[in-house]
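Chemist: Below are the chains, spelled out letter by letter.
Number of protein chains: 2
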Amino acid sequence: MAHNAFYAQSGGVTAVINASACGVIEACRQAPDQVGTVFAGHNGIIGALTEDLIDVNQESDEAIAALRHTPGGAFGSCRYKLKDIESHRAQYERLIEVFKAHNIRYFFYNGGGDSADTCLKVSQLSEKMGYPLTAIHVPKTVDNDLPITDNSPGFGSVAKYIATSTREASLDIASMCATSTKVFVLEVMGRHAGWIAAAGGLAGEGDGEPPHLIIFPEIAFDRTAVMARVEESVKRYGYCVIVVSEGARYEDGTFLADAGNTDAFGHRQLGGVAPTLAGMVKQDLGYKYHWAVADYLQRAARHLASKTDVEQAYAVGREAVKLALAGKNSMMPAIHRTSEAPYQWDIVAAPLAEIANQEKFMPRDYITEDGFGITAQCRQYLSPLIQGEDFPPFENGLPKVAKLKLSKAERKLAPFTL
Amino acid sequence: MAHNAFYAQSGGVTAVINASACGVIEACRQAPDQVGTVFAGHNGIIGALTEDLIDVNQESDEAIAALRHTPGGAFGSCRYKLKDIESHRAQYERLIEVFKAHNIRYFFYNGGGDSADTCLKVSQLSEKMGYPLTAIHVPKTVDNDLPITDNSPGFGSVAKYIATSTREASLDIASMCATSTKVFVLEVMGRHAGWIAAAGGLAGEGDGEPPHLIIFPEIAFDRTAVMARVEESVKRYGYCVIVVSEGARYEDGTFLADAGNTDAFGHRQLGGVAPTLAGMVKQDLGYKYHWAVADYLQRAARHLASKTDVEQAYAVGREAVKLALAGKNSMMPAIHRTSEAPYQWDIVAAPLAEIANQEKFMPRDYITEDGFGITAQCRQYLSPLIQGEDFPPFENGLPKVAKLKLSKAERKLAPFTL
Chain A
7 MAHNAFYAQS
17 GGVTAVINAS
27 ACGVIEACRQ
37 APDQVGTVFA
47 GHNGIIGALT
57 EDLIDVNQES
67 DEAIAALRHT
77 PGGAFGSCRY
87 KLKDIESHRA
97 QYERLIEVFK
107 AHNIRYFFYN
117 GGGDSADTCL
127 KVSQLSEKMG
137 YPLTAIHVPK
147 TVDNDLPITD
157 NSPGFGSVAK
167 YIATSTREAS
177 LDIASMCATS
187 TKVFVLEVMG
197 RHAGWIAAAG
207 GLAGEGDGEP
217 PHLIIFPEIA
227 FDRTAVMARV
237 EESVKRYGYC
247 VIVVSEGARY
257 EDGTFLADAG
267 NTDAFGHRQL
277 GGVAPTLAGM
287 VKQDLGYKYH
297 WAVADYLQRA
307 ARHLASKTDV
317 EQAYAVGREA
327 VKLALAGKNS
337 MMPAIHRTSE
347 APYQWDIVAA
357 PLAEIANQEK
367 FMPRDYITED
377 GFGITAQCRQ
387 YLSPLIQGED
397 FPPFENGLPK
407 VAKLKLSKAE
417 RKLAPFTL
Chain B
7 MAHNAFYAQS
17 GGVTAVINAS
27 ACGVIEACRQ
37 APDQVGTVFA
47 GHNGIIGALT
57 EDLIDVNQES
67 DEAIAALRHT
77 PGGAFGSCRY
87 KLKDIESHRA
97 QYERLIEVFK
107 AHNIRYFFYN
117 GGGDSADTCL
127 KVSQLSEKMG
137 YPLTAIHVPK
147 TVDNDLPITD
157 NSPGFGSVAK
167 YIATSTREAS
177 LDIASMCATS
187 TKVFVLEVMG
197 RHAGWIAAAG
207 GLAGEGDGEP
217 PHLIIFPEIA
227 FDRTAVMARV
237 EESVKRYGYC
247 VIVVSEGARY
257 EDGTFLADAG
267 NTDAFGHRQL
277 GGVAPTLAGM
287 VKQDLGYKYH
297 WAVADYLQRA
307 ARHLASKTDV
317 EQAYAVGREA
327 VKLALAGKNS
337 MMPAIHRTSE
347 APYQWDIVAA
357 PLAEIANQEK
367 FMPRDYITED
377 GFGITAQCRQ
387 YLSPLIQGED
397 FPPFENGLPK
407 VAKLKLSKAE
417 RKLAPFTL
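Going line by line, the protein sequences match chains A and B.
If you read the first sequence in my numbering, its first letter stands for residue 7, the second for the next number, and so on.
If you read the second sequence in my numbering, its first letter stands for residue 7, the second for the next number, and so on.
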């Protein structure tokens with residue numbers, strides 16, 4: 007007998023999270039004996055709590071297929087973390103009420119480490135509260151900091167965007183440096199882990215090719231050492247390209263640029279390390295600078311997605327459904343690297359308890375001894391993840407994106423206040 | 007009898023200035039009876055003054071063809087303006103000395119408005135100083151502020167990049183706005199003219215589609231009016247996307263973000279209007295924000311170049327050679343729009359005296375009456391310029407770029423101090 011499924015997106019979105027949605031939905035549509043309606047939570051788990059459900063069955067196959075090349079989170083995402091079952095039982099009772107009302111027995115949550123914690127808690131509904139639910143986490147995060155999985159879907163595309171942008175902007179400043187800009191600073195995402203910054207390192211392939219300096223959150227920021235390297239680079243090559251992580255921090259843990267705000271998960275909202283660093287360059291060395299902050303552009307850049315990343319994002323979506331239909335509660339489809347050259351991968355099931363709230367940092371041996379570059383091992387790890395192009399269709403000069411109806415399912419319950 | 011040619015790049019580079027270089031060089035190679043060696047000035051006109059010449063004949067046809075898909079300025083650009091012949095005769099005598107020493111009779115200068123002034127002065131060498139030189143300006147500027155020509159090569163690609171990035175980032179913030187970021191600010195180039203900001207407007211096609219607000223340098227910044235519109239947008243759509251020109255300024259002409267530095271042309275170095283504006287949003291309305299500053303990324307983004315732009319950039323390069331060989335001194339090949347729908351264009355010769363030091367601003371009727379959007383006329387003008395994709399070849403996941411030998415021509419003269 008068919009039951010219904012719930013799918014939602016959580017945390018910061020990516021260029022390919024909708025490709026995972028596409029994988030989940032298409033796999034469900036191909037198992038009509040087991041899955042009836044797919045409901046998408048409007049704005050993540052909040053959609054489940056408030057019974058704000060999108061009836062995905064109303065969407066055409068073409069619209070669902072178009073999700074594969076549409077960035078952002080088509081159903082709305084959220085930064086909202088469930089508290090413990092023990093102390094916040096009412097929230098979980100509400101979830102069960104909603105799931106029951108809509109005959110939902112499959113739960114797919116598409117997110118990163120914080121969201122995996124929410125999915126883990128939901129996966130305990132059957133054991134702790136007796137509601138028969140199979141909950142599967144679908145991995146996604148540009149930060150690439152999920153453990154176990156070879157990489158996190160979303161990361162490969164950001165990595166390709168940052169490596170490409172670094173290469174392109176480096177050619178620009180190289181042309182200008184004789185009489186104008188000498189230092190270019192590109193700020194990239196990665197609050198705690200320097201994976202995205204490391205990807206900037208792929209831009210240069212030969213000795214002395216930019217970027218000349220990568221500033222990782224894993225390596226304490228030492229202004230004197232950084233400035234010495236900047237000066238050396240300008241003297242040697244005529245210019246200096248720096249890729250800096252938004253999470254760059256001093257020895258004592260203070261961020262270089264701390265806007266002082268916190269998000270809903272309690273993380274401090276960062277931003278502005280590029281201008282901060284550029285200001286230091288001006289002050290200490292007097293060089294003319296330019297700086298860029300890619301911000302959302304990097305994680306929304308579906309036009310330059312990695313084909314490998316798109317395929318993996320889609321595959322973890324499909325695999326999540328397979329796991330759910332096999333009754334594997336509290337699992338996450340993880341990417342497993344089966345061969346290095348040629349890069350080959352398959353998908354394995356990983357227990358969610360080993361994933362939630364864990365962060366995978368850059369191994370020290372992925373960073374050069376001086377702390378300013380990536381090693382051959384790092385390059386070997388990263389390079390396969392940016393391989394291949396998967397350009398979206400263009401119309402009128404711009405990427406086409408999915409147009410969904412987003413019809414809401416009829417509400418059956420009383421309102422619920424978060 | 008064949009004479010030699012000098013080609014150089016000047017001012018801020020673009021994603022397609024090397025496509026113009028490719029056009030110039032290929033056209034010269036196809037006229038061996040008239041053009042012997044092409045010398046490229048290393049770093050623009052400075053290369054001519056200091057006899058720092060690259061012997062382009064040493065480059066293979068393949069390398070020259072690859073210039074078509076390589077961003078930045080392959081021969082080095084400069085921000086250096088020639089003074090008047092009357093007051094700085096020594097510089098012009100030096101130019102003649104260098105041109106004579108290398109049998110240079112054709113001069114191609116690839117740049118924007120400031121560079122057109124330099125080219126204009128060089129074009130006076132024959133009349134005022136009796137040296138038989140034909141000087142042609144090859145148009146280029148992302149700012150799209152050159153007069154006469156339908157558009158400036160380089161602009162169409164930035165426009166496509168900004169429109170695409172705005173669309174992509176808008177999908178990102180639309181997903182996040184329920185519980186997180188409400189306002190996204192994208193800062194774009196365009197010091198005095200709002201063409202690039204206007205291109206952001208192409209991202210949205212239907213009513214209410216982002217961007218919700220464009221801030222042009224042509225319209226005095228009114229904080230109260232802007233904040234009212236931001237609030238209205240957040241209330242109506244849940245979020246607000248703003249595209250702001252780096253040249254945004256108050257009624258009295260003060261820039262919103264004035265770093266206080268000036269470049270070699272005496273222009274103030276701008277940057278940081280996005281964080282400034284985001285700060286105002288936080289202060290006045292309390293919304294959570296994100297901001298991005300694309301900076302060099304936008305004008306170096308060859309991976310997303312407009313096919314129309316690449317073709318035009320290449321064509322003006324070829325046409326410049328045609329004009330030079332026909333003895334048309336002091337001209338610029340300009341793009342002429344011969345048909346609106348379908349967009350068709352050809353190239354006409356425009357007198358340099360009518361181009362140098364002129365800036366073409368957005369016509370007032372290209373901006374909506376409220377000052378915050380683009381009109382149908384503007385859309386009709388801009389849209390053809392971003393049509394078509396011309397993806398570069400990729401290798402190892404990254405765009406391939408031209409690798410030039412950049413062999414220097416032997417020096418024949420004593421050094422010269424600028």
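Do not take every clue at face value.
No distinction is drawn between identical chains; accordingly, a pair holds when it is met within one copy or between any pair of copies.
[To be verified] The calculated BS3-like cross-link candidates involving lysine-lysine, where the alpha carbons are at most 27 Å apart (straight line), are: (1) K366 / K409; (2) K334 / K409; (3) K288 / K134; (4) K134 / K411; (5) K409 / K313; (6) K106 / K313; (7) K87 / K313; (8) K418 / K87; (9) K328 / K288; (10) K366 / K414; (11) K89 / K241; (12) K409 / K241; (13) K106 / K409; (14) K409 / K89; (15) K313 / K89; (16) K334 / K134; (17) K406 / K366; (18) K406 / K313; (19) K87 / K288.
If you're looking for bench data, these hints aren't it; they were derived computationally from the structure.
Chemist: Look at each hint and say if it fits the structure.
Modeler: Here is what the structure says about each hint:
no., hint, verdict
1, K366 / K409, "neither (35 Å within a copy, 37 Å between copies)"
2, K334 / K409, "neither (33 Å within a copy, 53 Å between copies)"
3, K288 / K134, "neither (59 Å within a copy, 43 Å between copies)"
4, K134 / K411, "neither (36 Å within a copy, 69 Å between copies)"
5, K409 / K313, "both (22 Å within a copy, 26 Å between copies)"
6, K106 / K313, "neither (39 Å within a copy, 54 Å between copies)"
7, K87 / K313, "neither (31 Å within a copy, 46 Å between copies)"
8, K418 / K87, "within (24 Å within a copy, 73 Å between copies)"
9, K328 / K288, "neither (56 Å within a copy, 45 Å between copies)"
10, K366 / K414, "neither (37 Å within a copy, 49 Å between copies)"
11, K89 / K241, "neither (54 Å within a copy, 29 Å between copies)"
12, K409 / K241, "between (52 Å within a copy, 22 Å between copies)"
13, K106 / K409, "neither (30 Å within a copy, 63 Å between copies)"
14, K409 / K89, "neither (34 Å within a copy, 56 Å between copies)"
15, K313 / K89, "neither (37 Å within a copy, 52 Å between copies)"
16, K334 / K134, "within (16 Å within a copy, 86 Å between copies)"
17, K406 / K366, "neither (34 Å within a copy, 32 Å between copies)"
18, K406 / K313, "both (17 Å within a copy, 17 Å between copies)"
19, K87 / K288, "between (42 Å within a copy, 24 Å between copies)"
When each numbered hint is compared with the structure, violations occur for hints 1, 2, 3, 4, 6, 7, 9, 10, 11, 13, 14, 15 and 17.
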